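Top line first, the protein sequences correspond to chains A and B.
Each residue of the first sequence is one higher than the last, beginning at 0 in numbering that gives the first Met the number 0.
Each residue of the second sequence is one higher than the last, beginning at 0 in numbering that gives the first Met the number 0.
Read the hints as simulated data drawn from the structure, not as lab findings.
All values derive from a computational prediction rather than experimental measurement.
Using N, Cα and C, we set each Cβ at its ideal position, and we do this for glycine too.
Be aware that one or more of the hints could be misleading.
Think about it this way: if two alpha-carbon atoms lie no more than 30 Å apart in a straight line, the pair counts; the simulated DSSO-like pairs of lysine-lysine are [claimed, not checked]: (1) K29(A) with K20(B); (2) K77(A) with K169(B); (3) K37(A) with K29(B); (4) K110(A) with K109(B).
If the Cβ cut is set under 7 Å, some of the chain B residues that face chain A in the computed set are [said to hold, decoys possible]: (5) F25; (6) H27; (7) K29; (8) T112; (9) T116; (10) F118; (11) E159; (12) Y163; (13) Q167.
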Amino acid sequence: MAFQLPDLNYDYNALEPYIDAQTMEIHYTKHHGGYTSKLNDAIKDSELENKTIEDILKDVSKYSAGVRNNGGGFYNHKLFWDIMSGSGGGQPSGDLLETINKDFGSFDKLKEKFNTTAATRFGSGWAWLINQNGKLVVASTPNQDNPLMDVAEVKGTPILGLDVWEHAYYLKYQNRRPEYIDAFWNVIDWDQVAKRFV
Amino acid sequence: MAFELPELPYAYNALEPIISKKTLEFHHDKHHAAYVNNLNNLIKGTEFENADIIDIIMKSDGGIFNNAAQVWNHTFYFDQFDKDSSKEPNGQLAEAIDASFGSFDEFKEKFTTAAKTLFGSGWAWLVKKTNGSLDIVQTSNAANPLTEGLIPILTCDVWEHAYYLDYQNKRPDYIASFWDIINWDIVSGRY
Numbered sequence: 000m001a002f003q004l005p006d007l008n009y010d011y012n013a014l015e016p017y018i019d020a021q022t023m024e025i026h027y028t029k030h031h032g033g034y035t036s037k038l039n040d041a042i043k044d045s046e047l048e049n050k051t052i053e054d055i056l057k058d059v060s061k062y063s064a065g066v067r068n069n070g071g072g073f074y075n076h077k078l079f080w081d082i083m084s085g086s087g088g089g090q091p092s093g094d095l096l097e098t099i100n101k102d103f104g105s106f107d108k109l110k111e112k113f114n115t116t117a118a119t120r121f122g123s124g125w126a127w128l129i130n131q132n133g134k135l136v137v138a139s140t141p142n143q144d145n146p147l148m149d150v151a152e153v154k155g156t157p158i159l160g161l162d163v164w165e166h167a168y169y170l171k172y173q174n175r176r177p178e179y180i181d182a183f184w185n186v187i188d189w190d191q192v193a194k195r196f197v
Numbered sequence: 000m001a002f003e004l005p006e007l008p009y010a011y012n013a014l015e016p017i018i019s020k021k022t023l024e025f026h027h028d029k030h031h032a033a034y035v036n037n038l039n040n041l042i043k044g045t046e047f048e049n050a051d052i053i054d055i056i057m058k059s060d061g062g063i064f065n066n067a068a069q070v071w072n073h074t075f076y077f078d079q080f081d082k083d084s085s086k087e088p089n090g091q092l093a094e095a096i097d098a099s100f101g102s103f104d105e106f107k108e109k110f111t112t113a114a115k116t117l118f119g120s121g122w123a124w125l126v127k128k129t130n131g132s133l134d135i136v137q138t139s140n141a142a143n144p145l146t147e148g149l150i151p152i153l154t155c156d157v158w159e160h161a162y163y164l165d166y167q168n169k170r171p172d173y174i175a176s177f178w179d180i181i182n183w184d185i186v187s188g189r190y
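Just chain A, same shape as in the assembly (with noise of 0.2 Å):
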């Protein structure tokens, strides 16, 4: 069965001034739709097509590059818009919180060591705040790869995802990735990152 492009709980307004409408639109539509129907052609009539995205990626260096590419792709945009809202800010509670204290030492440091990962990203990437199994850490991966696939450095379960290609952040941003880093703890829907935190 075809990989559907996941709706978009929100209007494409919704994030401004942190997330431009112009970038959301591009983004979901050409951006996230471009890796859904690309995803679809690689994996058009093999066995794939029963797999969970899930599957796919734990296993992804068996597969052709356009499974990697566009598999992630389809992955990592469908987190980003789950963990962002218009409503979002603010810190997280509960398990969550204490965990990130417990890892980070507060949630200030969390913040200063996701945003330094996702500064030094060279080239296009992403920033993740991944779990392994109960234990919070922060790290980067290349191009559209992710913390699921066998082929990343830092595995886990990513529970908060900022993409850094230029694509997410420059029609408002242009060269200032830093002010793009800091405008995104603002969107940020902790209720959703606590809900994937299990």
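Using the hints, position chain B against chain A.
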């Protein structure tokens, strides 16, 4: 001695409408300038402090390599444009293109495919091999064919910052337009 940002060899609006003034301002004044500044900061007090740029590219890695190669790549890229120049290569380069690819059109098609399909950030290159024949290669991020013993002749920057303000996700449109601003006198002279 610190590296300096070379000036653009033409006005910021000289390549319009193919590459906008706004794109060139960011691309040259912000991106290229940042690579120069980063490189100067990174090489301070290292073995590379007084080295020339090619030497650094050939011998370094990590942040020094990334910034040195991006300084060189951008200078090479900006130098090869001029909207009012001849639209085709000449002299020995024209002959070598025919010999290696069959025709100028076949070369364009192959180069276009390389530029379109490089996944993520990077560059497509026309390169000269040691035996004088030509080839087309893709490099990721800052990587440069010089480290593989290949001589760059022409390049297309396919980092999104090179085209996103003007073309957004439509990288193929940027590459199709790219052919109209190449200064083939300069490119032919590199062969």
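Against the structure, the hints:
For the suggested pair K29(A) and K20(B), the alpha carbons sit about 25 Å apart, so the restraint of at most 30 Å is met. A hinted pair counts as satisfied when its Cα atoms are at most 30 Å apart, and K77(A) with K169(B) qualifies at roughly 21 Å. The suggested pairing of K37(A) with K29(B) is violated, with an alpha-carbon distance near 33 Å, which exceeds 30 Å. For the hint pairing K110(A) with K109(B), the CA-to-CA distance comes to about 44 Å; that exceeds 30 Å, so the pair is violated.
Taking 7 Å as the C-beta cut-off, the interface hint given for F25(B) holds, the closest approach to chain A being about 5 Å. For H27(B), the interface hint is violated, since its Cβ never comes within 7 Å of a Cβ in chain A; the closest pair sits about 11 Å apart. Hint status for K29(B): holds, given a least beta-carbon distance of 4 Å to chain A, under 7 Å. Look at T112(B): its Cβ only gets to about 15 Å from chain A, farther than 7 Å, so that hint breaks.
The beta carbon of T116(B) is not positioned within 7 Å of any beta carbon in chain A (closest approach about 10 Å), and the interface hint is therefore violated. The restraint placing F118(B) at the interface with chain A holds, with a minimum CB-CB distance near 5 Å, inside the 7 Å limit. With its C-beta approaching chain A no nearer than about 4 Å, E159(B) sits inside the 7 Å limit, and its interface hint holds. Look at Y163(B): its Cβ gets to within about 4 Å of chain A, closer than 7 Å, so that hint holds up.
For Q167(B), the interface hint holds, the least distance from its beta-carbon to any beta-carbon of chain A being 5 Å, beneath 7 Å.
Of the numbered hints stated above, those contradicted by the structure are hints 3, 4, 6, 8, 9, listed in ascending order.
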